[in-house]
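Just need the whole structure built from these sequences, with the hints factored in.
Number of protein chains: 4
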Amino acid sequence: MPLTPDQLSEIAAARATPRPTLRAVSEGMEAHLYHAHPVLDHGFIRVIDYMGDDAAIVQAARVSYGAGTKHVQNDEGLIRYLMRHWHSTPFEMCEIKLHVKLPVFVARQWIRHRTANVNEYSGRYSILDREFYIPAPEHLAAQSTVNNQGRGEVLQGEEAARVLDLLKSDANRAYDHYEAMLSTTDPNGDAQQGLARELARMNLPANIYTQWYWKVDLHNLFHFLRLRADAHAQYEIRVYAEAIAACVKDWVPLAYAAFEDYRMGGVTLSAKAIAVVKRMLTGEVVTQETSGMSKGEWREFEGVWG
Amino acid sequence: MPLTPDQLSEIAAARATPRPTLRAVSEGMEAHLYHAHPVLDHGFIRVIDYMGDDAAIVQAARVSYGAGTKHVQNDEGLIRYLMRHWHSTPFEMCEIKLHVKLPVFVARQWIRHRTANVNEYSGRYSILDREFYIPAPEHLAAQSTVNNQGRGEVLQGEEAARVLDLLKSDANRAYDHYEAMLSTTDPNGDAQQGLARELARMNLPANIYTQWYWKVDLHNLFHFLRLRADAHAQYEIRVYAEAIAACVKDWVPLAYAAFEDYRMGGVTLSAKAIAVVKRMLTGEVVTQETSGMSKGEWREFEGVWG
Amino acid sequence: MPLTPDQLSEIAAARATPRPTLRAVSEGMEAHLYHAHPVLDHGFIRVIDYMGDDAAIVQAARVSYGAGTKHVQNDEGLIRYLMRHWHSTPFEMCEIKLHVKLPVFVARQWIRHRTANVNEYSGRYSILDREFYIPAPEHLAAQSTVNNQGRGEVLQGEEAARVLDLLKSDANRAYDHYEAMLSTTDPNGDAQQGLARELARMNLPANIYTQWYWKVDLHNLFHFLRLRADAHAQYEIRVYAEAIAACVKDWVPLAYAAFEDYRMGGVTLSAKAIAVVKRMLTGEVVTQETSGMSKGEWREFEGVWG
Amino acid sequence: MPLTPDQLSEIAAARATPRPTLRAVSEGMEAHLYHAHPVLDHGFIRVIDYMGDDAAIVQAARVSYGAGTKHVQNDEGLIRYLMRHWHSTPFEMCEIKLHVKLPVFVARQWIRHRTANVNEYSGRYSILDREFYIPAPEHLAAQSTVNNQGRGEVLQGEEAARVLDLLKSDANRAYDHYEAMLSTTDPNGDAQQGLARELARMNLPANIYTQWYWKVDLHNLFHFLRLRADAHAQYEIRVYAEAIAACVKDWVPLAYAAFEDYRMGGVTLSAKAIAVVKRMLTGEVVTQETSGMSKGEWREFEGVWG
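Residue numbers (numbering that gives the first Met the number 0), protein chains in the order written: chain A, 0 to 305; chain B, 0 to 305; chain C, 0 to 305; chain D, 0 to 305.
It is worth saying that the hints were derived from the structure and are not from the lab. Possibly wrong hints are sitting among the right ones.
It does not matter which identical chain is used: a pair holds within one copy or between any two.
To be verified - Simulated crosslink set (BS3-like; lysine-lysine; CA at most 27 Å straight-line): (1) Lys277 / Lys294; (2) Lys248 / Lys294; (3) Lys248 / Lys271; (4) Lys271 / Lys167.
As the structure is a computational prediction, the values presented were derived from the model and not from experiment.
Here's what the structure looks like:
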């Protein structure tokens, strides 16, 4: 369980005290505030705060465009237009702040998205908890034989058992030794100095959990979701992206629907690919050999059309 | 008057309908929401939205530092510590969104602060209003004779009158011609095509007003305020910075007080300057010649100690 | 002519003195260095410096991927793969620095691209030159009647003459008055104080030329070029983008070719649009009414397929 | 030894072939190019490329200021002025690209500097090497008893031996099991699938080495150096910052000297602290009690004056 009774009662207390505000309010998002949505075995995402809603996107765009937009019949149409034409600034006018608990190897991928604000729990200052990500059996996958950075089939039987046993025993041994190095009591019960926390942490493996506050605007969040909720993303970060996406859908339903249509469900065709589709529309049967595409491109192109 | 009766009634309507929220609320900021604080002759700043408060800064820092901070006795102490030690990330956890009406030459300085989100009223899409910044007589200053990028004394008499007359008449003539170029009726009342808005706007001078939505986090806002509320900033942007600062003070009073002490009221001494102060503390009388500083540095150094 | 004989001789001098370096060198770019490529009537772009070449993109990507990429047969294939899969970081490893002279209204669009470094000529510090953009007759376009932010036909006859006359006379009068306000001699030849430069500049129209140093990485430059070399961009910024694009093509030919295929020549289809193409590929005749798309979307969709 | 003979010969080859360029060349930096400067037990920094020199900073600033700066007598004076007045944009006109090999826990601190470009070696794609940071005995420090995020005395005797033994044996065991999980041969020599690389890497501790290409402008690099070459930075990142600083000093000697005087050797005094120094300059003996400062602030304040 990711949260202690104390933490759960803090969340309940935070949710018990609505206060009046004059700001834009998203009812859909209020329902999520502070709740911990579980992810993986010990992780979670929690929405701590948000700014704006669908109407705020339109409002910002209309300052940008002034009175001229009155002919756009409705907010949905304008939001779809903005998304289609890559107008990013109106989406930047919404902001979200999350509290996330996640394994270090996931945090290392996540932090590569630079246009965001982060405060991470410090292993220099504090002692980390004994919590490690151990994959569920159905996610214990073999190396893909076709994709150098992907997974293949699920491991079975002895091999699966061996892997799980190694991950668990190494994590626990590493943590035991982390504690022993930090301790001001030696194995014989005598006093010792205790290694600096900033050094001892180097013994901990990448599946230990860390946590952070992460704040990002909606445009950059959509970029994160497009890459990390994608089928090619590593499963362990994808589940975080999916949990966030579910909240975003309730927060800004119109913007999220446009994002789903144009980004998550959309595809970018190259000039070469457009030319091939045009030939196909005339009835021509095009093959990789006659397409002018490399094998990799052709495989991806075929993937679009099923 | 910067706002029309329609606009004022829109603001009144927005302020009339508080709604419950579970988010952090700053009472001080709620009082400012949507109100237009006048700046210069036709400009204003309006707070449209905000995220977080003083407690949110502490909360983010404590995730960053974990349970270890319990010994910091109070939020004020921690916030001062963070400011003193240039810990910027906790301040990034607060965000503000403003609607600003400002002359174009001020907008051109402002936009150089890149870590912010902006939606500007578009002169390609819409027709700009006939509103120009004309300095009040007490701000009609001569070129400084000592500072290449500053102002000297206020212009007097004939010269002042001449300058005001030129600014007003040129602005109005430029706008008349902007309208004439856009018009689909020629001077004889016959039909004409009308120049594209994206071209006609090039005739308008830099004191015409534009407007935008501007969203920024508290850390970057403090950086903006430090540079633009400073005595060396151009008066016309400084008054915007001061109007924003007054809102920030009500929003996050602890953070703002720390900012005033360490940034606005603080000073950075070079290694050379520290060495000089040490000599002065032993009773030595140091002059520019014996300081090792250039004349410019020495003048600024003397300015600190009055 | 954009450059004085003095400036031309400075450029010749800079080009006369090659020096040895161990860094990556792009022969194609060396040929452009320092030369001013004319844009509009008084503007230019000049490449001042660059970092990296096509091989540097591959080199960075291969650190990223380690020895595993040895199976990618050639640099071109890898660069195309990176572009197709939106891997932006290897392209960020190349950097370019430009000196640009451009009208203020173009600079105001340009600066909205925030991920770049800029040093602009300061009108607080210095006196601006009497140089204004006056459109060539063939670019003096009417407002589009179908696109709120676009141009229609070219103005003809009297109207064109009237517009050019207004633009020229207003620009010159504004500049005359700018000089008169700055002057320390009044119209009678007596001494006056002279208005501060930071104030006097507000009288100058948006077609006056400014200049700046602009430095950006290749990924962000491609993003700029995609938006600003696009047919929907305003002509006056598009010609700058095209002049830059011509240099980039000589600098990193493989990356530029991939950019042309996937970005400039490519198109993003929504989930809805993909579904329609699939129906079309089965021979179905799809109309706007049966497409599920709005009229605007359908018009753009049809535009792809000619 | 951080580099293999193959890698050393690649470096020698890269250094053997100077080519002519018209760009700004820094002789001091050319001497560093490609050489691996060792850091810690297996790490290094290597300068891969650079853009600009001291003169490029001045050149950019002079566009910014135009002809007006002719009265600044020399480049050094202007560079010092820019640094003193926090003019960051001219320093952004220089850029550096480094190849760095570093432990993961150092990489995790480093990446928090977001305004930079990074390509990291991918543990999804490739197999990491068996190289771990093991502190030298003189850097095996105890937790500080006064500073929650610092180090105290060096560990001695048995305790030191125990810590080193744990770090070494845990690292090697983790790596053995990483290999075993990846292996397509089970412990009995029979075929097994082999765990996906993206999963197996989670077993590796934070002292394993990774590597990346890191590109940053000089302004942001100075910010990095100020924080990470500081006495309060963790030793293991400080040595990287110092190795980089040594290269920067040879690259842009004037800018580096200004940085040392105003940033590394400088100190920021609060309004409160300035008031205290003024009292001290009149001969008053000020104590913490009469200073108005907290104990922490007073301790830091006393630290400045020795």
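Quick rundown of the hints versus the structure:
no.	hint	in the structure
1	Lys277 / Lys294	both (20 Å within a copy, 22 Å between copies)
2	Lys248 / Lys294	between (37 Å within a copy, 26 Å between copies)
3	Lys248 / Lys271	between (35 Å within a copy, 19 Å between copies)
4	Lys271 / Lys167	neither (50 Å within a copy, 46 Å between copies)
Of the numbered hints given earlier, the model fails hint 4 alone.
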